[in-house]
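With the hints as your guide, set chain B onto chain A.
Number of protein chains: 2
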Amino acid sequence: MSERAYLREVGLRDGLQLIRGDLSTAHKLQWIEEEAAAGVAEIEVTSFVPFKSFPIFADANEVATAALQIPGLLPSGLTPNARGAVAAFATGLRKVNYVISASEAHSQANVRRSTAEAMVDFARIVAARAENGLEKTVTLSFGIATCFGCTIQGAVAEDLVYRIAEEGVALGADEVMIADTVGYAHPLQVERIFAGVLARLEDIPIAAHFHDTRGLGLANIAAAARVGIRRFDASLGGLGGCPHAPGATGNVVFEDAAYLLETMGLPTGIDLPKLIALRRKVETWLPEERFSGAIARAGVPKNYHPAAD
Amino acid sequence: MSERAYLREVGLRDGLQLIRGDLSTAHKLQWIEEEAAAGVAEIEVTSFVPFKSFPIFADANEVATAALQIPGLLPSGLTPNARGAVAAFATGLRKVNYVISASEAHSQANVRRSTAEAMVDFARIVAARAENGLEKTVTLSFGIATCFGCTIQGAVAEDLVYRIAEEGVALGADEVMIADTVGYAHPLQVERIFAGVLARLEDIPIAAHFHDTRGLGLANIAAAARVGIRRFDASLGGLGGCPHAPGATGNVVFEDAAYLLETMGLPTGIDLPKLIALRRKVETWLPEERFSGAIARAGVPKNYHPAAD
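Top to bottom, those sequences are chains A and B.
166 is the number that my numbering gives to position 166 of the first sequence; each next residue is one higher, with no gaps.
Converting from the second sequence to my numbering requires adding 1000 to each position, the first position being numbered 1.
Treat the hints with care, since some could be wrong.
[Said to hold, decoys possible] Under 10 Å between C-beta atoms, here's a sample of chain A residues computed to sit facing chain B:
(1) Ala130
(2) Glu131
(3) Asn132
(4) Gly133
(5) Thr137
(6) Ala155
(7) Asp159
(8) Leu188
(9) Asn220
(10) Met264
(11) Ala298
[What the hints assert, rightly or not] Output of the computed footprint for chain A on chain B, the stretches with three or more beta carbons under 8 Å from beta carbons of chain A:
(12) 1066-1076
(13) 1111-1122
(14) 1166-1172
(15) 1184-1190
(16) 1209-1217
(17) 1263-1274
Hints were generated in silico from the structure; no laboratory data involved.
Just so it is clear, the structure is predicted and the values come from calculations on it, not from any experiment.
Yeah, the Cβ is synthetic: ideal placement off N, Cα and C, and Gly gets one too.
So that you can see chain A by itself, here it is in the shape it has in the complex:
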């Protein structure tokens, strides 16, 4: 493997949406700046959700605007609907992320809409991009949650995942993100589903979003990388969870994922010591949160060389 891998930080969105405490705008911006300086090229910096329900994202405009000033960084923002997308467009963000649930039960629990209604909302986001004349400048990422099963309804049909992915692309998605929102994915399933998505969507970048709820986050990244996936979501220290995934105490640990990908011969551009130094700071800013991960504790092996060396 002589290509590179792309790790996207989602801790400032997926990681923060359920924290008990608070994180100041200044600390968020320091996190973003120092992570960009450590080589992270893409960060989901905020979420354009209703501020009343998620006061942690009340500074969405300020964070997005400041993140856009950082050279070499692609900041993106999550939106649950067209209203949020318009707000995201207004900040100047060049990438906006939307997520639909493959599981009907999860869709209803999470956003009180059916999967079909959520697809209509994506069409509205695409239309809003066109109305704002942003087709050529703003990338729309189309995420699909609960692709590997759902804590509420159990199994999710693989054909449904493929159909939703194809519909999203037909509507205008520039990237498809396949998510294991609840930590149900396992390696053979990961290889099968990502191979299926890649075969159907040859010209679209495909990203993977795993949670480490059942310990298989890194094994799943390795499996996805094996079939050709090169874009992965993760969060510093594994910060994050999901309200409808009991015990789902974390995204994949960013620094561990970077280490894994480097060992697989896929350069990430990440400076691990800088990233770990930043993690230590973020831990002090969020003292009530649980941070996970092995590389921050054990360090890299003595004979370790990043893949780009």
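Chain B alone, transformed into the frame defined by chain A:
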């Protein structure tokens, strides 16, 4: 994959050798009995090391003798030399495990012998088995430590690993165990080295022993399973470490490894709820130790079915 996988518990040896507290013989036997009742077919129950240095193993004879009474269980014991092997043979154990270090530096630090001297010791163990007339009744497992790198010397040549494995088999080993003693292994390296060992030792059972020090334990099991390995070491709750592997706070978590293998379509015969109930007890017996793992915290997915179903 329609075969099954074999998970061997090493917590009573690798897990206990460095604990701060103590574990009574009665608790050890309860651990062994309840784990056997949960479907674990092989347990490394003790170590025949000098009791003065490792008082935790002063009850080696008693533990081995009692474990031999459990129907359906294959108990084994570790020995560092021929003297320990003779003691193990005397208990009636049908399987005795020996480990040599591929890394010279690790061998000297761990047992104050060169790798070549340790190989001579294995020849002495084989000879002692013959002298006791046990060639047909006692299995000798030949483990190779630090096959994926060493915290002291760094890189370990893969050809050296293959040569040591072949020498062990030529001397009389019935099984070869390839160990990542210090948690340096990564998936592509695992696939390469195990494929190399399997190609050279076609008729010998090959086992894998990973540590989760850098978070890749389960990814490495998945990688080894992919190239055909079906025997894996792990310890309940990931208990264990290595004196010459700083920060090496754990074997692969047994219950998580069982879950992973089942998701890969490889039945393990393990009853996960029983295993997790036992883990809760062992945690109370060893309150100073750090227990890891995801399945014990998050539970199995809603749509989970063991591979044998």
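Hints not upheld, ascending by number:
1, 2, 3, 4, 5, 7, 12, 13 and 14
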